[in-house]
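Colleague: Given next are the chains, with one letter for each unit.
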Amino acid sequence: MRQLLAVYRQQLKTALAEQLQYRAALIIWLIEVALGPAVSVSVWSTVARNEGGAVNGYSSAGFAAYFIATMLVNYATQTWVFWEFSRRVREGEFSPLLLRPIHPIHADLADNLAYKILMLPVITLVTLILFFAFHASIALTLANVLAFLPALVLAFALRFILEWTLALLAFWLTQVNVINQLYVVVVLFLSGQLVPLTLLPTPVQVASAWLPFQWMVAFPAELLVHRLSPPALLTGLLAQLAWLLVGLALFSLTWRLGIRRYTAVGG
Amino acid sequence: MKRNTMRDYLRLLGTFFRVSLLGELAYRANFWLQAIESLIELGTALALVSVVFTYTQSLNGWHASELLILIGTYFLIGGAINMIITPGMSRLIEQVRLGTLDYLLTKPEEAQLLVSIQRLDLWKLLDLLFGLALLVAAASWHGSWPSPLQILAFALTLLAGAIIVYSFVLFLATLSFWYVRVENILVIFESMYEAGRWPVDIYPGWLRATLTFIVPVAFAVTVPAEALTARLTWLALLGTLALAALALLVTRLFWRFAVRHYSGASS
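Just so you know, the sequences run in chain order U and H.
Heads up, the first sequence is in the working numbering, so the first residue is 1 and it goes up one at a time.
Heads up, the second sequence is in the working numbering, so the first residue is 1 and it goes up one at a time.
So that you can see chain U by itself, here it is in the shape it has in the complex (with noise of 0.2 Å):
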């Protein structure tokens, strides 16, 4: 365990130090996190505007509050490990990774942590310019801070997990963007990234209640917004503990399988 711990460390300042050079892109990276919010409050204002002040329950503010709350946990569990899978495989970057004494999604976990960190300057300026620029609402309390906490940590767990395991499917196929793409798109509506869930068509909330994405996104960021009761909260985290297991079974199934099939190119 301490040296995992060792191993982390030293990846992370590994990291860091390599993503310090490409400080140019945290601009851009502000102007991509903060447009899909500021995009999406414009036009569920509008529509609240046109319609008497509210939809479904949902007010300018509180569309305001909603959308970067899921802005702010996208942000927390987001991966990108999918969209280099395919390259690490093809051109034999996978070797060296295989060879080191721990299993390579340590590696990417220690990554992806040290990139948050990284970018907590930027999502903290951009929350507030959103916060200020659309009069959003929220009425932060310890409690739903208190239920918020854990619920980012597992959906954290359970979008790595399952990210990892997608990212796998490069050892199987050439042409992953296609799959990646759609992907995206799955996970930006039924995630609550592009429109409220409640705002659905109900038979896609129905799917929806039967499939990870609410949960790695959604779901926490309802619970900081308050749009959630207790016994919602406690089926919410029931849910992500089970899609976790699921996810992990997935993981360990499919890398046993891929890595037999995997044979280097190059390297």
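Note that these hints are calculated values from the structure, not bench results.
Each hint should be verified, as a subset may be incorrect.
[Said to hold, decoys possible] Residues of chain H placed beyond 10 Å of chain U at every Cβ, according to the derived structure:
#1 F17
#2 L113
#3 L159
#4 S191
[What the hints assert, rightly or not] Stretches of chain H that chain U covers, calculated by requiring three or more beta carbons in the stretch to come under 8 Å of a beta carbon on chain U:
#5 36-42
#6 57-63
#7 134-142
#8 247-258
[Unchecked claim] Here are some, though not all, of the chain H residues that point toward chain U, as calculated from beta-carbon distances under 8 Å:
#9 E109
#10 V180
#11 R181
#12 N184
#13 I188
#14 M192
#15 A195
#16 W198
The beta carbon of each residue, even a glycine, is placed where N, CA and C say it ideally should be.
Assemble chain H onto chain U, guided by the hints.
Modeller: Structure of chain H alone, referenced to chain U:
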């Protein structure tokens, strides 16, 4: 330098078109991948619009069919930008950095033209065609076909929008003669362009101003769509055309100034 006529320019464009078609034909699978990617993007936009319009009849005065006209315009002009303008410009920035622009400047044709059409991303033509199909479908759903005058205004503003975007992007790319890291600005433009999927009048003032004058997305998408849905005033039409002419002139002068001061990078 010899004097070029419009016909020479068109002949050059045809040659570049043929060369990149021959290049692309070697990778025919890319056609299908691009088709799927475009359809996913289009489907996402349409699904979102259908959700929005289950809660309202009109978005700031835009009815569903009019919003589809706007989205059609978005894909049409976005396809043109991604096919011709951005590939050439990112190539230009690369050439300035590597010093290979020297070869291009010594050719006996007008350098600005060569730079602008030197790389074509042909399969983006699909976005353009999908946009056009959506435009026709939305216009027939709209009930009354636009009058010939409206179609003329649409064509003019579309051209003006394309010219404004071209001038803007070329201006940015020309900055790379002095600053090497400009490619990041192009990425910012690409991500800001996505805000054009909605009419800019739904955005709050500061964002609308940014999308109109700092990143001219409004001229590229909203103005032509306004022309086709009979919202554009004569004054706005003339203003857009004048701005396009001015933008082209300023960029042209800046390009000539920059080329005079270009000193080559390496070897």
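Colleague: Which of the listed hints are broken here?
Modeller: When the structure is compared with the hints, numbers 4, 7, 8, 9 and 10 turn out to be violated.
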